[in-house]
Amino acid sequence: MSRLSGDEIKNGLVFNGYDYTLQVWVKNGVVQECNHPARMGARCCNQRVLAGRRLAELARRGCLVDRRSFSNPTVRG
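The numbering used here numbers the first residue of the sequence shown as 3 and each following residue consecutively.
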């Protein structure tokens, strides 16, 4: 089963949806909590590590960010 993308993209970054590069859910530009059980540890996934951070801030710091929304200049519409 696959998810049809309904991601909201602003300024080339996921604003609401799933950032596939970082593998995190984003709401209003902010990485959400992962909700894994505490027993999995503090670094169970990127989502736990990055929770509460703004994607725009991560992009400025050079973290990998999903750039799917950028147009491909070689494709003509």
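Keep in mind that the hints are not guaranteed to be accurate.
[As the list claims (entries may be wrong)] What follows is a set of in silico ranges between Cβ atoms, one per label pair, in the way DEER data are often shown:
#, residue 1, residue 2, range
1, R41, N13, 18 to 26 Å
2, G54, E10, 18 to 26 Å
3, N13, A40, 20 to 28 Å
4, R41, E10, 28 to 36 Å
5, R63, E35, 16 to 24 Å
6, R41, I11, 31 to 39 Å
Think of the hints as simulated: they come from the structure by calculation, not from any bench.
Note that the Cβ used here is the ideal one computed from N, Cα and C, for glycine as well.
Hints, one by one, checked against the model:
Separated by about 38 Å at the C-beta atoms, R41 and N13 break the suggested range of 18 to 26 Å. At about 19 Å, the beta-carbon gap between G54 and E10 stays in the expected band of 18 to 26 Å. The supplied range of 20 to 28 Å is broken by N13 and A40, whose beta-carbon atoms lie about 34 Å from each other. Look at R41 against E10: about 33 Å separates their beta carbons, and that is inside 28 to 36 Å.
A C-beta distance of roughly 20 Å is found between R63 and E35, which places it inside the suggested range of 16 to 24 Å. In this structure, R41 and I11 meet the distance hint of 31 to 39 Å, their C-beta atoms being roughly 35 Å apart.
This entry does not satisfy hints 1 and 3, going by the numbered hints stated previously.
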